[in-house]
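Each chain, letter by letter, is given below.
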Amino acid sequence: MKKGYFGEFGGCFVPELLMPPLLELDKAMREFLPCTEFQQELDDLLKNYAGRATPITFCPALSKELGFELWLKREDLLHTGAHKINNTLGQALLAKKMGKKALIAETGAGQHGVATAAAAARLGLECTVYMGAEDVERQSANVRRMRLLGAKVHPIENGSRTLKDAINAALRAWISAQATTHYCFGTAAGPWPFPDLVREFQAVIGREARAQMFERTGSLPDYVVAAVGGGSNAIGMFHAFVPDESVNIVGVEAGGTGKPGCLHSAAINIGRPGVLHGEYTMLLQDDDGQILPSSSVSAGLDYPGVGPEHVHLARTGRVRYGIAYDHEALDAFQRLCMAEGILPALESSHAVAYVLRHADEFRPGSRVLVNLSGRGDKDMDIIEKELGL
Amino acid sequence: MHILEQKVRAAQSNGRLALIPFVTAGFPSEDRYWDVLCELDSSGADIIEIGVPFSDPVADGPVVEQASHDALAAGVTLRGIMQTIFRHKGELKAGLVLMGYMNPFLQYGLERFARDAAEAGVHGCIVPDLPIDESDGMRAALKAHGLALIALVGPNTSKERMQLYADVSEGYVYVVSVMGTTGERGALPPEVPDVLARARSVFSLPIALGFGLKNPRQLDALPRELRPDAAVFGSSLLRHISAGRAPAEFMAAWTGAES
Ligand SMILES: Cc1ncc(COP(=O)(O)O)c(C=O)c1O
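Those protein sequence lines, which keep their order, are chains A and B.
Sequential numbering from 67 applies to the first sequence in this note's numbering.
Sequential numbering from -2 applies to the second sequence in this note's numbering.
Think of the hints as simulated: they come from the structure by calculation, not from any bench.
Here the structure is a predicted model, which means the values were calculated and not measured.
Honestly, I wouldn't trust all of these hints.
Simulated pairs of lysine-lysine, DSS-like, Cα-Cα distance not exceeding 25 Å [what the hints assert, rightly or not]: (1) A/Lys69 x B/Lys156; (2) A/Lys68 x B/Lys211; (3) A/Lys163 x A/Lys93; (4) B/Lys140 x B/Lys86; (5) A/Lys93 x A/Lys162; (6) A/Lys113 x A/Lys162; (7) A/Lys218 x A/Lys167; (8) A/Lys93 x B/Lys156; (9) B/Lys211 x B/Lys90; (10) A/Lys163 x A/Lys113; (11) B/Lys140 x A/Lys68; (12) A/Lys218 x A/Lys162.
Chain A with its partners taken away, still in its complex shape (with noise of 0.2 Å):
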């Protein structure tokens, strides 16, 4: 396979001037990740800062209605909030290593900006983070905690003003202070070798979660489920069950409101292949390649791509890419809060979503095991108002 390929997928389609600091974290990842030193500061930042290992936690009452077992993977319970924190305080202390004074990052939802500004604090590094001007708005909460971590905030009006163009934004910044600065980049997707460095860091979901539910129920899931935005949090849960045959893998990608012409952020399902953001992949665009505005009800959901791996997953046939909506994710929100008192994210919410309103392809009693990515404080403002609280 070609470097930085997964199947026809991936690569590395960024400006010459990017290639020498892709080029010199291509380096460092093989020279650092192996390292016993490395992974033991790793592992005591994950351990004694971040909270790991998360629980698995069974839904009795939910279970009961599904006529199947169900799980959830607690990303939710880590600092800060999300998964994300797996990936910057990796990031950050390779940061560190390579000598770097300073993290760039994009955001979308916030989750990915607050982790970055949270491991840049711990560790000593500066931050700055790019942020779509509409997410500014619709997470202003995490845009404040973001500040008060210390991050510098930048809002970026270019564009349809949401993580896209952030990623744009902090591409353009990076050429220009490559030399102190690491992009923190916060999904499996962008450019070689981002893709395979940010599941690295986020496999540490599935392999816990594997041994979990071995621990607890003596078996394997049969069915692994997470929702797809740029695919780090479902590619960490994925990663270690993909060679279990016996285990069905279910990503979900978020459908917007699904009436007729509504823009929406399911590229595998819906997209064509095509080059944004340094890699090959499924894309939202027109005919004549012009990137389409994502929506979805989710900040962190909403984009346009995915990340390579996943497009080769379901190229394969190994993964299955559905889809949930905003009124799904809304539905399923409420129901995992009133059922078993989880307060999920809004990306999560989708992953449950599928769940819930596919259970009849869910086989009776079997155990399903789904990555709550997130919880769902961030969304407070949004839920309120689209349940009309």
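With chain A fixed as given, assemble chain B with the ligand onto it according to the hints.
Leaving out everything else, chain B with the ligand in the frame of chain A:
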């Protein structure tokens, strides 16, 4: 020798700096765009770079990005750009280069694009998000129809990477003057002499300097032996035209410049 190289060499043999204006397709308006190109052509342009707009132009600064968004809002497409060039085939004496991001070319179909571009009289392409590592398919498609894929290198491009480009490139080499995006700057960054010296030592192709240029005096700071063979200007020209001033007036400031 590729025709784009010939264009630069011809200026050089007259002791001139070759001039390469950049204009986003459809700028400043669908009506005036072709007239602007003609005026640039008749006022000394050796090569003209036409910008193909893209929704996510990561290598561009605010001026070119805005022009790109305006063009898209006005309905400019790669297909339309090709039709316009084809319709006016033979009107320009300058070499013609399309500068645009990978995805629109990819969606057009690389083979079909290369064929149509050659037929329309385009001589080469610059694809700012296509480093050498990903460029085989595009280069082969273009080469089959005589089009050059122009190498883009910058202050952080090592000799080794320059050599990779030198081994396969034609036309001219585009040396980016800054560690940044397109957009005019006051003075040349201090790393420019270094990158020019490195490029000279690796490439036998002519060297075009771009990103940040607005007037020929910026080049005065360079030692004689490092002066580029060509200058590319985009943002400063777009701003000049946006201010309602004549393209020829902008060109006049540059036509006396020596290589
Ligand atoms: C809680 C949560 N889950 C999921 C996502 C989607 O990203 P990814 O697909 O990379 O996991 C986000 C993004 O912000 C998020 O905050």
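Structure-based check of all given hints:
{"no.": "1", "hint": "A/Lys69 x B/Lys156", "verdict": "holds, 22 Å"}
{"no.": "2", "hint": "A/Lys68 x B/Lys211", "verdict": "violated, 41 Å"}
{"no.": "3", "hint": "A/Lys163 x A/Lys93", "verdict": "holds, 12 Å"}
{"no.": "4", "hint": "B/Lys140 x B/Lys86", "verdict": "holds, 20 Å"}
{"no.": "5", "hint": "A/Lys93 x A/Lys162", "verdict": "holds, 14 Å"}
{"no.": "6", "hint": "A/Lys113 x A/Lys162", "verdict": "holds, 19 Å"}
{"no.": "7", "hint": "A/Lys218 x A/Lys167", "verdict": "holds, 15 Å"}
{"no.": "8", "hint": "A/Lys93 x B/Lys156", "verdict": "holds, 19 Å"}
{"no.": "9", "hint": "B/Lys211 x B/Lys90", "verdict": "holds, 23 Å"}
{"no.": "10", "hint": "A/Lys163 x A/Lys113", "verdict": "holds, 20 Å"}
{"no.": "11", "hint": "B/Lys140 x A/Lys68", "verdict": "holds, 23 Å"}
{"no.": "12", "hint": "A/Lys218 x A/Lys162", "verdict": "holds, 19 Å"}
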